[in-house]
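Take these sequences, add in the hints, and give me the full structure.
These protein sequence lines are chains F and A, in that order. First residue of the first sequence? That's 1 in UniProt numbering, and the numbers climb one at a time after it. First residue of the second sequence? That's 1 in UniProt numbering, and the numbers climb one at a time after it.
One should not assume that every hint holds.
Just so you have them, the derived chain A footprint on chain F, three or more residues with Cβ under 8 Å [stated by the list, open to error]: (1) 137–148; (2) 156–164; (3) 222–233.
Here are the computed lysine-lysine pairs in the DSBU-like style, where the Cα-Cα straight-line distance is at most 35 Å [as the list claims (entries may be wrong)]: (4) A:67 <-> A:204; (5) A:195 <-> A:66; (6) A:204 <-> A:24; (7) A:67 <-> A:24; (8) F:195 <-> A:204; (9) F:195 <-> A:195; (10) A:24 <-> F:24; (11) F:195 <-> F:66; (12) F:24 <-> F:66; (13) F:195 <-> A:24; (14) A:204 <-> F:204.
Because the hints were derived from the structure by calculation, they are not lab data. Every residue gets a Cβ at the ideal spot worked out from N, C-alpha and C, and that includes glycine.
Protein chains: 2
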Amino acid sequence: MEAHIMQVEIWTDVNCPFCYLGKKRFNDALIEFDHADQVDVVHRSFELDPTAPTGTSGNVIDHLAKKYGRTLEEAEAGERQLGAAANEAGLEYVVTGRDVGNSFDMHRLLHWAKELGQQEQMLDALYAANFADAEPLFGDTERLVRVAVGAGFDEAATREVLADEQRYADEVRADERQAQEFGVNGVPFYVFDRKYAVSGAQPKELFAQALSQAWGERPQPTLLADSDACGPDGCAVPQN
Amino acid sequence: MEAHIMQVEIWTDVNCPFCYLGKKRFNDALIEFDHADQVDVVHRSFELDPTAPTGTSGNVIDHLAKKYGRTLEEAEAGERQLGAAANEAGLEYVVTGRDVGNSFDMHRLLHWAKELGQQEQMLDALYAANFADAEPLFGDTERLVRVAVGAGFDEAATREVLADEQRYADEVRADERQAQEFGVNGVPFYVFDRKYAVSGAQPKELFAQALSQAWGERPQPTLLADSDACGPDGCAVPQN
Chain F
1 MEAHIMQVEI WTDVNCPFCY LGKKRFNDAL IEFDHADQVD VVHRSFELDP
51 TAPTGTSGNV IDHLAKKYGR TLEEAEAGER QLGAAANEAG LEYVVTGRDV
101 GNSFDMHRLL HWAKELGQQE QMLDALYAAN FADAEPLFGD TERLVRVAVG
151 AGFDEAATRE VLADEQRYAD EVRADERQAQ EFGVNGVPFY VFDRKYAVSG
201 AQPKELFAQA LSQAWGERPQ PTLLADSDAC GPDGCAVPQN
Chain A
1 MEAHIMQVEI WTDVNCPFCY LGKKRFNDAL IEFDHADQVD VVHRSFELDP
51 TAPTGTSGNV IDHLAKKYGR TLEEAEAGER QLGAAANEAG LEYVVTGRDV
101 GNSFDMHRLL HWAKELGQQE QMLDALYAAN FADAEPLFGD TERLVRVAVG
151 AGFDEAATRE VLADEQRYAD EVRADERQAQ EFGVNGVPFY VFDRKYAVSG
201 AQPKELFAQA LSQAWGERPQ PTLLADSDAC GPDGCAVPQN
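So this is what it looks like as structure tokens:
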């Protein structure tokens, strides 16, 4: 998980259907990429609604209708569109009955999983639990524990992380601060070696193209100063 | 340890006196840097002599004299110079009696420690064991275990990492491949957000200046494409 030649940072929220879809499309592009084994992918935290109260905000369609001033029919139609796009990419998507809510605890779990080198597994499990299953997920510690355990995480350790709301909270906020620095106002947001960015659940072909371009133009740092180093000929002060 | 605004990657070898000195001078600059809490430092592996046989290569002065065709007096004078520079920076330095050898196992330990979020502790302990103490270190598993335990690492876990030579070996090689990509032929080598680089144990003032410059000019990724994202106004296809 370390020191690959190119780093792709993906800002994401477990609440975000386009993030779920984008992850699949990006991965489809990545597995066909010639240098995939030299690409390090890291998922970073972004809360679509950091002001959402802790726990659940109730049924997703009711919530979207209320929040954006749409009718229930309009909100459901939007979800159906998202579901169709997800299905087309090979993903399951439950259109009605899911809940929505504050995702901060899930971002903490994702940072913990990253430390264990198992961030992909945690994110896939959370996405599946949220989008491919109607059972409420937000603010339900028992369900989060089941999801994590189902993805291979230790039950007691998962409970410990969930119980202490300070754990990985700084890491979540640091990701969000970084997103702010980059002017990110929507997710998914993909950053390639901090040089190029792509916003949104792009088609697989576009991700393939972005990977190629970012790879071909990956940065070479500019040397500001050179002296007093050890090299193959020993440790000597270079002649200036 | 994650997602700070600026990342500094430092290629280093535990065999390298200028790396030991550079770490102190860089840290002295970093603690006075205004945005220190937003800087993420990661130490990367570089073997000065990857062809060194596993274990110890014997006394450092004998080894340097033989390897670079110097007299023992010349080799010792070089070490005295390095020792004086280290002392001036506030570091202990044993001039004669230390050994030298293959550092691959130490790099594996450093990657393990990184995963635990304790890379600084491991590196400081290894530097001190190598440069501030005459007792042989290279290829001495028992001493490496004592050094790691003294720095707060679990004994059984340290033994496990040392016993399995495949553990973190890929990570060490990935760091070295990355160094090669950047044309690094000596260490320490400092890379700021993959945009700027500094080679060698520079004076603290130069590190301070490099930190400021890299911070002021930290990269903003160029947006290649924008669509289908979720933002504060919901999940919608942007108008192109």
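Evaluation of the provided hints:
Beta-carbon proximity to chain A at under 8 Å applies to 0 residues in the segment 137–148 of chain F; the threshold of 3 is not reached and the given coverage is violated. Counting residues of the segment 156–164 of chain F whose beta-carbon sits less than 8 Å from any beta-carbon of chain A gives 0, not enough to reach three: the coverage restraint is violated. Counting residues of the segment 222–233 of chain F whose C-beta lies closer than 8 Å to any C-beta of chain A gives 12; at least three are required, and the coverage claim holds. Proximity of residue 67 of chain A to residue 204 of chain A is assessed by CA-CA distance (about 31 Å); at most 35 Å being required, the pair is judged to hold.
For the hint linking residue 195 of chain A to residue 66 of chain A, the alpha-carbon distance of about 39 Å lies beyond 35 Å, and the restraint is violated. At roughly 9 Å between alpha-carbon atoms, residue 204 of chain A and residue 24 of chain A fall within 35 Å of each other, so this suggested pair holds. Straight-line distance between C-alpha atoms of residue 67 of chain A and residue 24 of chain A comes to about 28 Å, which keeps the hinted pair within the 35 Å bound. Using a Cα cut-off of 35 Å, the hinted pair residue 195 of chain F and residue 204 of chain A holds, with the two alpha carbons roughly 29 Å apart.
Between residue 195 of chain F and residue 195 of chain A, the direct Cα distance comes to roughly 9 Å. Compliance with the 35 Å bound is thereby established for this hinted pair. Proximity of residue 24 of chain A to residue 24 of chain F is assessed by CA-CA distance (about 45 Å); at most 35 Å being required, the pair is judged violated. With a CA separation close to 39 Å, the supplied pair residue 195 of chain F and residue 66 of chain F exceeds the 35 Å bound. Using a Cα cut-off of 35 Å, the hinted pair residue 24 of chain F and residue 66 of chain F holds, with the two alpha carbons roughly 29 Å apart.
Our distance criterion of 35 Å between C-alpha atoms is met by residue 195 of chain F and residue 24 of chain A, whose separation comes to about 30 Å. The suggested pairing of residue 204 of chain A with residue 204 of chain F is violated, with an alpha-carbon distance near 47 Å, which exceeds 35 Å.
In this structure, the hints that do not hold are numbers 1, 2, 5, 10, 11, 14, in rising order.
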